[in-house]
Every structure is written in C-alpha cells, then in structure tokens.
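Student: Sequence:
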Amino acid sequence: MTEKQKTPNDGPMKGRDYFIEMAKHPRSRVIMANTSDTYMMADITRQGDIIISRLRDELMRSITIEDFTRYMDEYYKIIFGLEDHLQFIGSKVGIDYRPSRTYKSMKKNKNQTSMDTPTEP
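In numbering that gives the first Met the number 0, the protein residues as written are 0 to 120.
Hints listed in this document are in silico derivations from the structure and should not be mistaken for laboratory results. None of these values were measured; they are calculated from a predicted model. Think of the CB as a built atom: it goes at the ideal place given N, C-alpha and C, for glycine as much as any other residue. Don't take each hint at face value.
[Unchecked claim] Calculated pairs, DSS-like style, for lysine-lysine (alpha carbon to alpha carbon, straight line, at most 30 Å):
hint : residue 1 : residue 2
1    : 76        : 103
2    : 91        : 107
3    : 13        : 23
4    : 76        : 91
5    : 76        : 106
6    : 23        : 103
7    : 91        : 103
8    : 106       : 91
9    : 107       : 76
[To be verified] Computed Cβ-Cβ distance ranges for the label pairs, DEER-style:
hint : residue 1 : residue 2 : range
10   : 88        : 46        : 21 to 29 Å
11   : 51        : 22        : 19 to 27 Å
12   : 17        : 37        : 34 to 42 Å
13   : 52        : 30        : 34 to 42 Å
14   : 90        : 60        : 27 to 35 Å
15   : 90        : 23        : 31 to 39 Å
16   : 29        : 81        : 25 to 33 Å
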C-alpha cells in the first residue's frame with residue numbers, strides 16, 4: 000500500500016494511519032484479495048452496504064413495507080444463491096465452504112414468511 004492514497008471520489012489524500020484506524024473499527028472487515036474477483040466482490044459489498052442502509056432508513060418514509068420486503072427478499076435470494084454456488088464450486092475443488100453466520104441463522108428461521116419482514120415487538 001502506498002503511503003498516501005486518494006479517496007474513491009478523488010477527495011483529500013488519506014495516509015496509512017487513516018486506513019489502520021479504519022481497520023480497528025468494530026464494524027470493519029479486512030479482506031485479503033487473492034484474485035481480481037475478490038476486488039469486484041469487495042466493491043459490490045461496499046456499495047451494497049451503503050444502499051441497503053439507505054433503504055432501511057427510508058422504510059416507512061419513501062419506501063413501503065411491501066416494496067422493502069420485495070427488495071430485501073430478492074437481495075437475500077441473490078446472496079443465498081451466491082453462497083450455494085460457492086459451496087458447490089468448493090465441493091468440486093476440495094474445499095469445504097463455510098456459510099456465513101447470517102446465512103445459517105436465516106436458513107434456520109422458518110417462521111417468517113419473508114427473510115427480512117419487519118416483525119411486531
């Protein structure tokens with residue numbers, strides 16, 4: 000990594016210390032990229048985090064529960080499909096795929112009609 004790196008939108012320069020501090024944040028994850036595919040997934044994940052966070056913020060303001068549920072069902076369907084496909088590929092190359100904790104937890108939850116339906120308290 001270079002000593003200084005520009006932000007994605009060509010904003011102010013940020014030094015190595017900034018990135019080290021970001022890695023210490025409890026909600027951060029550091030990803031070792033072994034292939035260019037990993038870079039692509041990291042970029043998709045970063046944008047997805049921002050977009051889904053905004054979607055949740057807009058629930059009941061500009062997004063109806065029905066739309067929210069539909070969007071999230073499709074989102075999880077895609078993510079679960081990726082998990083299932085990676086498990087399949089792993090089996091072909093001799094790697095035991097470990098599904099994410101969220102994937103395992105949501106697969107166990109069979110009581111909700113939707114994977115992300117807001118529930119009553």
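Student: Does residue 91 sit within 30 Å of residue 106, going by the straight-line distance between their CA atoms?
Tutor: holds, 23 Å
Student: Within 30 Å, alpha carbon to alpha carbon, are residue 91 and residue 103?
Tutor: holds, 21 Å
Student: Hinted pair, alpha-carbon criterion (30 Å max): residue 23, residue 103. Please report holds or violated.
Tutor: Within the cut-off at roughly 26 Å; holds.
Student: Given the hinted pair residue 13 and residue 23, is their Cα-Cα distance within 30 Å?
Tutor: holds, 16 Å
Student: Against the range 19 to 27 Å, how does the distance between the Cβ atoms of residue 51 and residue 22 compare: consistent or not?
Tutor: Holds, since residue 51 and residue 22 (Cβ atoms, about 22 Å apart) stay within the stated range.
Student: So if I understand the rule, the pair passes when the alpha-carbon distance is 30 Å or less; does residue 76 with residue 103 pass?
Tutor: holds, 14 Å
Student: Cβ-Cβ distance between residue 90 and residue 23: within 31 to 39 Å?
Tutor: Given range 31 to 39 Å: holds, Cβ gap about 36 Å.
Student: Determine whether the Cβ-Cβ distance between residue 90 and residue 60 falls within the hinted range of 27 to 35 Å.
Tutor: Because 44 Å falls outside the window, the suggested range is violated.
Student: With a cut-off of 30 Å on the C-alpha distance, tell me whether residue 107 and residue 76 pass.
Tutor: Holds: residue 107 and residue 76 sit about 15 Å apart, inside 30 Å.
Student: Taking 34 to 42 Å as the stated bounds, is the beta-carbon spacing between residue 17 and residue 37 within them?
Tutor: violated, 22 Å
Student: Within 21 to 29 Å or not, the Cβ separation of residue 88 and residue 46?
Tutor: Because 24 Å falls inside the window, the suggested range holds.
Student: Would the hint linking residue 91 and residue 107 be met if the CA-CA limit is 30 Å?
Tutor: holds, 26 Å
Violated hints for the displayed structure, listed by number in ascending order: 12, 13, 14 and 16.
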